[in-house]
Amino acid sequence: MIMFTSRRLGYGLLVLGLVASFTFLTLRAIPGDVVRLQLADAPGATEEQVAQRAAELGLDQPVLSQFVTFMSDLVRLDFGTSFEDGRPVLEHITERLPATLELGLLALLLGLMLGIPLGVASALKQNSPLDQAMRVLAVVGMSVPNFWLALLLITFLAQWFGWSPPLVYVGPGENLAQNLAHLALPAFALAVGSMAGVARMLRSSMLEVLGSNFIRTVRSRGASEWNVLFKHAGRNSLIPVFSLLGLQVGSILGGTVILESIFSIPGMGSLIFDAVQQRDYPVVLGCVIVYGGLFILVNLIVDVLYAIVDPRIRY
1 MIMFTSRRLG
11 YGLLVLGLVA
21 SFTFLTLRAI
31 PGDVVRLQLA
41 DAPGATEEQV
51 AQRAAELGLD
61 QPVLSQFVTF
71 MSDLVRLDFG
81 TSFEDGRPVL
91 EHITERLPAT
101 LELGLLALLL
111 GLMLGIPLGV
121 ASALKQNSPL
131 DQAMRVLAVV
141 GMSVPNFWLA
151 LLLITFLAQW
161 FGWSPPLVYV
171 GPGENLAQNL
181 AHLALPAFAL
191 AVGSMAGVAR
201 MLRSSMLEVL
211 GSNFIRTVRS
221 RGASEWNVLF
231 KHAGRNSLIP
241 VFSLLGLQVG
251 SILGGTVILE
261 SIFSIPGMGS
271 LIFDAVQQRD
281 YPVVLGCVIV
291 YGGLFILVNL
301 IVDVLYAIVD
311 PRIRY
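Under UniProt numbering, the sequence shown is numbered contiguously, ending at residue 315.
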């Protein structure tokens, strides 16, 4: 297990390096002059002022030199400073990351809480009207864009019930009720896709396990149906679901970029959304690296959990 974890961490660092390199080069290929964009409010800026500002931001160097400097700083966990306010990028990230983690965790838990019962019920009532309805619901849930669903929820709740989420975000330590009320709609919109994927995967996995020989053996020994379903079939059926959850984390993190802007949540998603519009390269790169690191870390944890859920798995 130690060798496996070390190897996966090494692969993860390599992937992060490739992601950082690709993002750096992509940002530099975007049309537009960052310096002139920043000086747009000063139409009388001279060429000397433009050159001076470019030198301050380090944009007067060749792209290859900028890339080498960026990668050498990244090895030391130095993400640089923001082009907009001059603050270290790491400060922006540490301020915004808790809100994004809370939103993502709520969405993931909600997806599991809704998807697991739906998947189990669909498997136990195979080909019944309930199963057909669950399968249609799962397909719709996987097809609907989360930002579109969020806008529909805001519109319908405001028109039908006269309710809308709080406009001002507060942390859970300040007012937990208002915090959860603010995150309820975006968390549900993010959770719908996870719920549908978990339900479909769990249904297929449980049907396969229930038809296996060892389940017939357990039933022939007089085990109760509850014991068969939740101790034997359920545990083995969850292994593919863990694989899916690792992928769903990427989808949830990607969804926060738009939903945090829609619901005015001061998280990483809204930070990277604003940074892209302002051509704030260091902030964009820092956010992408953190997102990539979270995705790799969660998938590593999922791989380790395989051995806990199924003792037959050894690395």
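Since the hints were derived computationally from the structure, they do not count as laboratory data.
Among the hints, a few may not be true.
As the list claims (entries may be wrong) - Cβ-Cβ distance ranges computed for the label pairs, FRET-style:
{"id": "1", "residue 1": "MET113", "residue 2": "PHE22", "range": "33 to 39 Å"}
{"id": "2", "residue 1": "ARG28", "residue 2": "LEU297", "range": "23 to 29 Å"}
{"id": "3", "residue 1": "GLY293", "residue 2": "LEU167", "range": "40 to 46 Å"}
{"id": "4", "residue 1": "ILE30", "residue 2": "ASN227", "range": "42 to 48 Å"}
As the list claims (entries may be wrong) - Computed list of lysine to aspartate or glutamate pairs in EDC-like fashion (alpha-carbon distance at most 20 Å, straight line):
{"id": "5", "residue 1": "LYS125", "residue 2": "ASP60"}
{"id": "6", "residue 1": "LYS125", "residue 2": "GLU48"}
{"id": "7", "residue 1": "LYS231", "residue 2": "GLU208"}
Every residue, glycine too, gets a C-beta built ideally from N, C-alpha and C.
Checked hints:
The hinted range of 33 to 39 Å is satisfied by MET113 and PHE22, whose Cβ atoms lie roughly 36 Å apart. Evaluation of the 23 to 29 Å hint for ARG28 and LEU297 yields a pass: the beta carbon distance comes to about 28 Å. Checked against the hint of 40 to 46 Å, the C-beta distance between GLY293 and LEU167 comes to roughly 32 Å, which is inconsistent with it. A hinted range of 42 to 48 Å for the beta carbons of ILE30 and ASN227 is inconsistent with their spacing of about 59 Å.
Simply put, LYS125 and ASP60 have alpha-carbon atoms about 66 Å apart, too far for the 20 Å limit, and the pair is violated. For the suggested pair LYS125 and GLU48, the alpha carbons sit about 74 Å apart, so the restraint of at most 20 Å is broken. With a C-alpha separation of about 16 Å, the suggested pairing of LYS231 with GLU208 holds against the 20 Å cut-off.
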